[in-house]
Each structure stands twice: as C-alpha cells, then as structure tokens.
Amino acid sequence: MDPYSKRKKELPERPPESTRPSPFPDEVLELVLGLLKSNKDRSSVSLVCKDWYNAESWSRTHVFIGNCYSVSPEIVARRFPKIRSVTLKGKPRFSDFNLVPRNWGADIQSWLVVFASKYPFLEELRLKRMTVTDESLEFLALNFPNFKALSLLSCDGFSTDGLAAIATHCKNLTELDIQENGIDDKSGNWLGCLPENFSSLEVLNFANLNSDVNFDALERLVSRCKSLKVLKVNKNISLEQLQRLLVCTPQLTELGTGSISQELTERQYTELENTFKHCKNLDTLSGLWEVMTPYLPVLYPACTNLTFLNLSYAALQGLELANLLRHCPQLRRLWVLDTVEDKGLEAVGSNCPLLEELRVFPADPFDEEIVHGVTEAGFVAVSYGCRRLHYVLYFCRQMTNAAVATIVQNCPNFTHFRLCIMNPGQPDYMTNEPMDEAFGAVVKTCSKLQRLSVSGLLTDLTFEYVGRYAKNLETLSVAFAGTSDWGMQCVLGGCTKLRKLEIRDCPFGNAALLSGLEKYESMRSLWMSSCNVTMNGCRLLAREMPRLNVEVMKEEGSDDSQADKVYVYRSVAGPRRDAPPSVLTLSGI
Amino acid sequence: MAYEGDLNLKATELRLGLPGSDEPRKKSTPSVRSNKRASPEISEESRTRSNSSASIAENGDRDICAPPAKAQVVGWPPIRSYRKNCFQTQQNEAEGTCMYVKVSVDGAPYLRKIDLKVYKSYPELLKALENMFKLTIGEYSEREGYNGSNYSPTYEDKDGDWMLVGDVPWEMFIYSCKRLRIVRGSEGRGLRH
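Order-wise, the sequence lines are chains A and B. Okay, so the first sequence: first residue is 1 according to full-length UniProt numbering, each after it adds one. Okay, so the second sequence: first residue is 1 according to full-length UniProt numbering, each after it adds one.
Take these hints with a grain of salt, some might be off.
To be verified - Quick partial rundown of chain A residues pointing at chain B, CB under 7 Å, derived from the structure: (1) D96; (2) F97; (3) N98; (4) E180; (5) E263; (6) V291; (7) P294; (8) L296; (9) Y300; (10) P365; (11) M422.
Stated by the list, open to error - Cross-link-like lysine-lysine pairs, in silico, BS3-like; alpha carbons within 27 Å at most: (12) A/K128 <-> A/K40; (13) A/K343 <-> B/K117; (14) B/K84 <-> A/K128; (15) B/K84 <-> A/K186; (16) A/K82 <-> A/K50; (17) A/K128 <-> A/K186; (18) B/K117 <-> A/K500; (19) A/K471 <-> A/K448.
Hints in this document: simulated from the structure, not taken from any laboratory. All values reported here derive from a predicted model rather than from experimental measurement. Even for Gly, the Cβ is constructed at its ideal location relative to N, Cα and C.
Take these sequences, add in the hints, and give me the full structure.
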C-alpha cells in the first residue's frame, strides 16, 4: 500500500489505555520503535496499524524529505511532532547542470517559518539543492536556540553574510558543512563571528569558499575545539598554515587540505612531515588544490588508515598517483581526475584490493580536441584488481561493449554504475556498433544494481534490457539515447522499483510519457527535457493523475505546443504556489 | 605562448578548430534540440544516427548565444557547475602565469629575460641558455657541479641566496627562482665547497 495515497491524517489523541486492544502501553511501543533508524523500516512499521502509526510518529526524531514539494511543512509537523533533525532536497538533479531556471523555487524560508513554531528545538538541518537566502540563515540562527548542525550541499542564494549570522548566534553549533554551493563570497570575517569561548565544533567544512578566512581566528578556534573531527579548509590556506592547524588537531578523522603549492624550506618540509606522521586517525583526505607534486610525500604518513581519498581537485599524473596509493592500503573510496590516465588506473588496480568506489572526473570536459583522459583500458584494469568495486562514476571519451562486459564479469556486485561517454551518441569505437550490449551486460550481471547512468549510442534495445533485467533499479539517468517511445515504455513497465527517472534529449514522446500513468505515484519524480513531449500530453497526464504535480518549464520563444522541460512528481501538498512565471503548474482540475 | 587569459574567456571560447588551426571542424554537432518541432511524432531525420561520431544533427539551439558550427550542449557533460568553475579557475591561473626571470652572464654587455614556464626540465633550460648566449655549460653532477666547462648556472632564490641550478627538483626550482646568473670559471665552482 502506498502511504502517499492515504488522505491527510490528523494525529489523533492518544486513547486511554483501557479502550485499546494493544498489549503494550504506548510508551513501550514508542521506545521500541524509537530504536528504528532506517526510514524504510519506519515507513513499514507505520503501516501495521493505527497504534503503530501513532507510536512511530511520536518517536520519530529525524525526517528525510526527498522532494520538498511532495509535502508541506504543515503536514510534516502535524504527523511528526518531535522532530529534531530535518533533511530536505529541493531542485531536480539536472539543476546542477544548469538545466533549471535560477528562480525555480525550493526556498527554505517557508519551511523555517513553520519549524520555528512547531519545532523550536530543531537541532539539525541538512539541505541539498535548496535556495537559502541570508535572511533565512539569520532567521535560522535567531529562532532555534538548540540549533547544532547545518549542512548545505549544492544550494544557492546565500552569501558569507549568512554564514556570519550562523556563527554569531548559534551558541551550540557542532557542525558547519558548506559544500559545493553557489555562494556569493563577500569575504568578510564570518569565521571571526564565532564567540571567543566557543568550543563545541565537531565538523567544519569551508572548502567551498574562495576568499580568505581570518587565519588567526581559525587557529584559535581549532585549538579550542577539542572535539573537532572534521576539518576541511579552502585553497587559500597554505601548507604552513595547515601545519599550524594540524598541530592542534591530532584527533581529526577527516581532513581537507588547502593548497599544496607553497614553497617550503627543508626545515619546514621536515616539520610538515612530522605533523602528518601524527595524523594517524585520518580516514578521509581531500582538498589538495594546486598540488605541487614534489610535496606529495609529506602526506604519506597520514595515509595509513585512509579509507576515502578525494583527489578530484588535484591534477595528478599516473606515476604520482601510483606512488601515493602505495601508502594507502586501506582505501575503500577513491576520487581522481582523468589526468592520471589509464596508467594511473592500472596502479589503482594493483594497489587497492579493498576498493569499493571509484569516481574519475574529467579535467577538460569541454575541450573535445583533447585526447587525454582515461579509456576503457583503465576501467578494465581497475576491475581486475578491485573485485569489491560496487560504485563507479566514470567519465571517458571512448568505450567498447567488450570492455564493459569484462568489467561486470570481474565485478558483478555493482550497485551504482554511472558511465559517461562524453561525446553524445558515440558508438563502440572499435566495432562502431551501439553500446546496447554494454548496458545489457551490466543489467544482466549486476542483479543488485540500484543506480544506472547510460551514455553513448543507444537504441531501444538498451531499454528493453533495462526493463527486463534491472529489477532493483531505483534511479536511471538517460541522455541522447533511445530510438522511440518503446524504449521508455520498457523501463516504466519493467523496473518495478524505479523511483527517479531523468531523461534529456531523447526521442520519447507522449505515448511514452503516458504509459507511466500508473507508475509515477510510486516514484519520487520524473524529469524529461528536450524530448518529444507536448503540452497536450502533459495536460492529459495532469488530468488523469490529480495527485501528481506536472510542471512544464518553457523556454524563451519556443513553440507553444512543445513541453520543453517536464517535471512530474507525486505530492500530498497539491500544486505548488510559489512557481515563477517560467514554470507552468498543470492542474488536474 | 600567447594567451587571451586575462578574462578567462579561453574556457568558454567556442572554436571551430584547434587553437591556431584554420580548419573548420568536420564533426557534426551533437544532439541539440530544435524547439520548433510541432508534431509529437518523431521525424525520421532526427532518429538517424548519421555517422560514428555524431548523434542527432539539429539547428537553432536557443541555449547558445553565438551560432557556431559546433555548439556546446547545455549541461553536458554532466559536471556540477561548482566543479567546472573550480577547475577552470585553477587551469587558467596556471596557464596565465608567466615566469619571466632575468638572466645575466658574466662578461655579457646586457641581460636577457626568459620564461621558465616554457621549459619542462633542466636539460631543456640549459640548452636554451647555451643557445641564447653561445656558450657551453656542460653536464650537471651532484658532486661536482658543472664540470667540463667554464660556466656554471646559478640562481637567486626567494631567500636571496645564490644557489647552483640543478640541486632541487625542477618544479621546486621554477617556483623559487628569482633570477639567473651564469657565472664564469672558478666563481661557479666555488659554490660547491
């Protein structure tokens, strides 16, 4: 039974014990259910009976909302009265790639206003792809006296002034995690706004910021915060400054360095080496901006217990990577730039037997003349050496069906397979055939596959395979692929666990869109842009399925009948009222 | 090497060919949607995959301001703007930096200037210096410096000290070298003791 198809529930009064059939007092039930952490488990539990529904609602302290428009803050507050931690996701994922207009929505303010009244003891807020203004940050800082943890990932709309407000007013702050946001970096001394006696910080990540922070304030801060576990500085922090910070923080488990480009004297180099020798607790290392490779060896002593190494901002060559990896025997997750080339990936295969996740980002994604980067050979080499690999994100300029078949044969446990052949619609470069068999091999072999991104020249056959075999697939991303409506129909008909489907530049039209009529209520969302869907198709969908929000983003000067960008999602909150003029909300009425 | 690097335009420049080349691109444009399609039916031409490296050839993509033969597709490859901007900045900073240093040679009437970034290694640099000043510098050895010639290349580092060229790794050298001086005869050998 789909919980979203229930009518809005008022949270009833607890009935007196004598009239209830349950063998447990509410308090016991709540205590037991309170131990459940997984959202899925809680969801299941809430469906058992009314008592369990109520007990689960009363005992829930963390709520995860994958689409901020699927529900309203009032509904959330009515159902879960005791929330202390909220995770909210806003814009469709393709907004990361500039496919969504800037003023699209997902503003946190309306949520904060309700939370201020219903959850005044809110402690944690984690936002992804939301619009957050400085005013909202100040509102947050002033209205929630227990507020502890703020995490902003891929958000926009705020500046360092907003961070200053948080620093000034949040007396109990333990976590400030600012990642990959579109910040208006006004510089200014936001860090210095933290009070002089403030010492509760456990997580500080300001790698996102381009401007200088007040280093003295930072140094004093980290020496006071004895519980600091995560420190990720920005590229303006030099090696020497980093060393001074590390001397105060031997207990760090996650470190994001600044630039590794400062010139050091021999004495400084030795001191730095010694400092890193004392960082034995590190499990995560990132940053390494503008790395000057002669200095990489200072890091080696700190790598003994590393499980996650993020080199995706460091343009290393293959040999340099190889040397570094020899010192990382425990590595589980590795992110690199394709400057390491196939040679570097061979070193990964040789040195990282425990590797579970690999992401290879392109250093020059927009220059098609460059014939560097990684090829199918690198990926194959990794698959031979890293049999536990289950998560891969791989950007390349050439691939073959045979290579992918070998890869999944070596690593059949893929849960996340995201392959991006950067030239749209490119076939197998050896056989000139479509890449259908590659993804066919993936879905046939990897029965645990949850997430798939396809690329290259693909016909409907790929999607036939996906629909037939990918029975655990939850997220599918498709671009420049497919031959006809049939492809999309196969996916919608076959992938029973599908939750998120995002499609761009494919020849799927109304027939495909409408074939999923029954399905979209069991999914989080559907995105289709630059396909063949028309306004009439969207209107029909909206009319047939009143509990879906069907939104169309029109582009300037486009044909009236074309639905350029379509975003469909289930909601118990009805059509949204904050859409900008460029977003048409098609009502079912 | 000349760069129009002052406005970081290089990163977003839409070109028809390799920098410096006059040949227009032969590749057709990647799939870019025409917004004028009236019918929901897929037209035959849009479904055809014309050749090995092209997908749908379209025209009139509204997302691009200038109309070049090769259009850069919006939001493709799917890299987050943050990462895109981050790395472009780094690259442009690196590309834009020149490392011109003065070079003096004992006995020469005037100084020269060279861009250290042009060279990838010591041998390349030394060869260039030999050509520029018509002299022989000879082979570097850790123990004896530049034996076998009258000249020794030295440089002034960031601390103001005069060092023998070749002792430190190349990358460290180019970041710390402020000026070069090619000294003559016994003066150069003196640095070794």
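Hints versus structure:
no.: 1; hint: D96; verdict: holds (5 Å)
no.: 2; hint: F97; verdict: holds (3 Å)
no.: 3; hint: N98; verdict: holds (5 Å)
no.: 4; hint: E180; verdict: holds (4 Å)
no.: 5; hint: E263; verdict: holds (5 Å)
no.: 6; hint: V291; verdict: violated (10 Å)
no.: 7; hint: P294; verdict: holds (5 Å)
no.: 8; hint: L296; verdict: violated (11 Å)
no.: 9; hint: Y300; verdict: violated (16 Å)
no.: 10; hint: P365; verdict: holds (5 Å)
no.: 11; hint: M422; verdict: holds (5 Å)
no.: 12; hint: A/K128 <-> A/K40; verdict: holds (20 Å)
no.: 13; hint: A/K343 <-> B/K117; verdict: holds (25 Å)
no.: 14; hint: B/K84 <-> A/K128; verdict: holds (18 Å)
no.: 15; hint: B/K84 <-> A/K186; verdict: holds (21 Å)
no.: 16; hint: A/K82 <-> A/K50; verdict: holds (18 Å)
no.: 17; hint: A/K128 <-> A/K186; verdict: holds (22 Å)
no.: 18; hint: B/K117 <-> A/K500; verdict: violated (48 Å)
no.: 19; hint: A/K471 <-> A/K448; verdict: holds (8 Å)
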